[in-house]
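*Asks:* In case you want the letters, here they are:
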Amino acid sequence: MGAAPKQIDAGAEQMPRRKFLGWLSGAALAGSSIVAMFSTYVFMKPRATYGQPNRFRIGRPEDFPSGVRVSIDTKRVCIVRDGAKLAAISTTCTHLGCIVAPSETGFQCPCHGSQFDVDGNVTGGPAPKPLAWYQISLTPSGELEVDKDSEIQMGTYLNV
Amino acid sequence: MTKEKNSMVKALAGLPKNVWKSVFRNPLPSSDRGRASTSFTNFFLHIQPVRVSKQALRPSYTMGLGLISFFLFVILTVTGVLLMFYYVPSTTQAYDRMLDLRSSVAFGIILRNMHRWAAHAMVAVVFLHMCRVFLTGSYKPPREFNWVIGVILFILTLFSSFTGYLLPWDQLAFWAITVGTSIAGYAPLVGKSLKFLLLGDATVGQEALLRFYVLHVVVLPAVLTIFVAIHFWRIRKDGGLAKPEEVVPVKAQVAVTVQIEQPVAVASGAAVATADAAPRRFTIQGLVRGPFVKVGKLEEDTVFSWPNLLIAEMVVLLITVIGVMVVSILFNAPLEHPVNVMHPPNPAKAPWYFLGLQEQVSYSAFWGGVGVPALELLLLFLVPYIDRSNAGVGRWFARERVWANTLFLTFVLINVVLIVIGTFFRGANWSFVSPF
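Just so you know, the sequences run in chain order A and B.
No gaps in the numbering here: position 22 of the first sequence is 22 in this note's numbering, and each next residue is one more.
No gaps in the numbering here: position 100 of the second sequence is 100 in this note's numbering, and each next residue is one more.
Derived by calculation from the structure, the hints in this document are not laboratory data.
Any given hint could turn out to be false.
[To be verified] Each computed SDA-like pair below joins lysine to any residue, with the alpha-carbon atoms no more than 25 Å apart: (1) A:Lys-75 to A:Ala-36; (2) A:Lys-75 to B:Val-218; (3) B:Lys-192 to A:Phe-43; (4) B:Lys-349 to A:Val-122; (5) A:Lys-129 to B:Ala-428; (6) A:Lys-45 to B:Val-218.
[Unchecked claim] Here are a few chain B residues that sit away from chain A, every Cβ distance over 12 Å (derived from the structure): (7) Glu-4; (8) Pro-59; (9) Pro-142; (10) Leu-167; (11) Leu-197; (12) His-343; (13) Tyr-363; (14) Val-383; (15) Phe-424; (16) Phe-436.
From the three backbone atoms N, C-alpha and C, an ideal C-beta is built for every residue, glycine too.
Working from the sequences, and respecting the hints, build out all of it.
*Replies:* Dropping the structure here:
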C-alpha cells in the first residue's frame, strides 16, 4: 500500500529535474551563442592592420622653419611650426573623412564646406568636432615622430 | 532471342517518353484536376497556391513590384556571378579589371551595366513595393511579421548595393564609401568600432575592399536569400496577398484533416466480409488554423495558378529583363578615375539612396546621420504594431486609412525631397546650386 504515494513523489521529483535540465540546456545554448558571437567579433577585428603605420617619422626639425604649415596628404597630417613650438594637426575632416586643405584662415574641407581655424577649431560648416592634434616627439636620432594613435589636447606643443 | 530483342527495341523507342514522364509527372493539363496537379507536383510551381485570387493578379493592385524586386535580385545574382569570374578584390587590380571588362571581356560592358542598373533599380523598386504594401494596408494582421521581414529585406538590399559600390575602386567608389562609413562612425558608443570592423582599418583601403567584397558576394546575398524564402513562405501561410474585407474569411476557422483508418481485425477468425461492414473510424491528423478562401466563393473570386499566375509572372519577368537590357544598352555604368586618396572630389557624394542621409548630416552630424534614421527605421519596423485598426485592407488609399497614409506619404516625401536636394542641388563645398 505504501508504494502508491512513493510513486507520486517520484513523479513530482521528475518534473523539476526535467525542467532543470531544460533550463541548463537553454543556458548552455545561449552561453555558446554569446561565446561564438564574441569570438567572431574578436576574429573580425584585426589585431594588425596592413595599411600605413600610425607612427611615422617626418624629418628633422630644421626641415620645418618657423611659421610654416606643411600638409602631408599621404599621412593625413599637417605640421605646424611657430617659433620653437611644433605640432601635428590631423587633416582628416571630422565631418565625413575628407582631407582638409590649409587655407589663409586655417583649414578648409573641399567636400562639404567645413571650415576650421589655424588650431583646428570649427568655424563653419557641418563638422561636429575640432581637428585632432597628434603626439609629436623627437627621437634619439634627432628626427620628428608623429603618433596618430595618441591624440593630445589642442595647444600642446613640442618645443625644439 | 527475338522476343528479347523486341523488348529492347520497345524500351529504346519508349526512352524519350519515359524519361520525360519521369521528370514531369503530369501531361500538360487540360482539366481543372490536371491544373491543380501541375501546381502541386512541380517543385517550382508548388511554391504557389493551386488557386489564386483574381485581386492578386490585377496589375493595378500590386503593380508587380514585389515580383520585379525578386527578378532584379535574380538578374543581379546571375550577372554578379559572371562578373566574379573576372574580378579581383585588390586595390592594385580591381580598377584594371573594370577596364578589362570594357575592352577585352566579351559582353563585359553589358554585364557590368546590367549589374549596376539592376542594383540601383532594386533599391528603388523594393522601396516602391514597401509603399504599395503600406498604401493598400497589407501589413495588417495576420501579415504583421511579414512586413517586418520586408523592412529587413529593404535594409539588406541597401547594404548589398552599398558594399558593391566600392568594388570598382574608382574615385566615385572610394569617396562614396569614405563618406558613407563616416556616417556610420557617428553612432554613439559602437560607431567607431563598427566603422573599424567594417573597414578592417582606420581608413578605406585594401582591407575594406576585401571585406566589402566578401559581404557583397557571399554574406549579404545568402542572408537575403533566406529572408526572401521566409517572405514568400509567409505570404502563402498568411493567406496570399491581402484582400478587401468582404473576401477575408472568418479568422477562427479551423480546417480538419481526417484520415480513414482501416478497421482492426479483432480476432484472427474474423471473416474478410465483415471488414467491409465494420464501421469506419476517423482520426484527426492535424489542425490548420488561419485564413482560407471560402469554399462557396471559390469559383468567382479565384482562378487556377496554372496558367493564370504563371503567365502573369512571366510577363513581369519579361518586362523586368527588357527594362534592364534597354537601360544597359543605352547607358554605360559610370567609371571615374582610379582612386586618388589625396584628392577628394568636390563635393564627395555617397550613393544616391544615402544622399538624403548626407543632406541631413550636413545640418547635424549625429541627428542627421544616426538619430533620425534609427528612429525612422524603428518606426518602420513597428508600423503594424502601432496601427492596429483592421479597416481598409486590400484597397489603395482606403478612406479609413487616410491618416496613416498621409503620415506615411509625408515621410516618403520628406526623404525623396532630401535625396533630390542632395543629388541635384548640392555642388562644391555642399553649397546650394541650381541644376538648371
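*Asks:* Going straight from one Cα to the other, do Lys-349 (chain B) and Val-122 (chain A) come out at no more than 25 Å?
*Replies:* Distance of about 21 Å is within 25 Å: holds.
*Asks:* Taking 25 Å as the top limit, are the C-alpha atoms of Lys-192 (chain B) and Phe-43 (chain A) close enough?
*Replies:* 17 Å, holds
*Asks:* Are all C-beta atoms of chain A more than 12 Å from that of Pro-142 (chain B)?
*Replies:* The assertion about Pro-142 (chain B) holds, with a minimum of 28 Å to chain A.
*Asks:* Please verify that the nearest CB of chain A lies beyond 12 Å from Glu-4 (chain B)'s CB.
*Replies:* 62 Å, holds
*Asks:* Against chain A, does Leu-197 (chain B) keep a CB gap of more than 12 Å to every residue?
*Replies:* 6 Å, violated
*Asks:* Classify the label on His-343 (chain B) as holds or violated, using whether its beta-carbon is more than 12 Å from each beta-carbon of chain A.
*Replies:* Nearest chain A Cβ is 8 Å from His-343 (chain B), so the label is violated.
*Asks:* With 12 Å as the threshold, tell me whether Val-383 (chain B) passes as away from chain A on beta-carbon distances.
*Replies:* Per Cβ check, Val-383 (chain B) is outside 12 Å of chain A; nearest 29 Å; holds.
*Asks:* Within 25 Å, alpha carbon to alpha carbon, are Lys-75 (chain A) and Ala-36 (chain A)?
*Replies:* 37 Å, violated
*Asks:* Does the claim that Tyr-363 (chain B) lies off the interface hold, with its Cβ farther than 12 Å from every Cβ of chain A?
*Replies:* Non-interface label fails for Tyr-363 (chain B): nearest chain A Cβ at 7 Å, not farther than 12 Å.
*Asks:* Please settle this one: Pro-59 (chain B) was flagged as non-interface, so is its CB more than 12 Å from every CB on chain A?
*Replies:* Given a closest Cβ separation of 42 Å, the condition holds.
*Asks:* For the pair we were handed, Lys-45 (chain A) and Val-218 (chain B), check the Cα-Cα distance against 25 Å.
*Replies:* 19 Å, holds
*Asks:* Taking 12 Å as the cut and beta carbons as the points, is Leu-167 (chain B) off the interface with chain A?
*Replies:* 18 Å, holds
When each numbered hint is compared with the structure, violations occur for hints 1, 2, 11, 12, 13.
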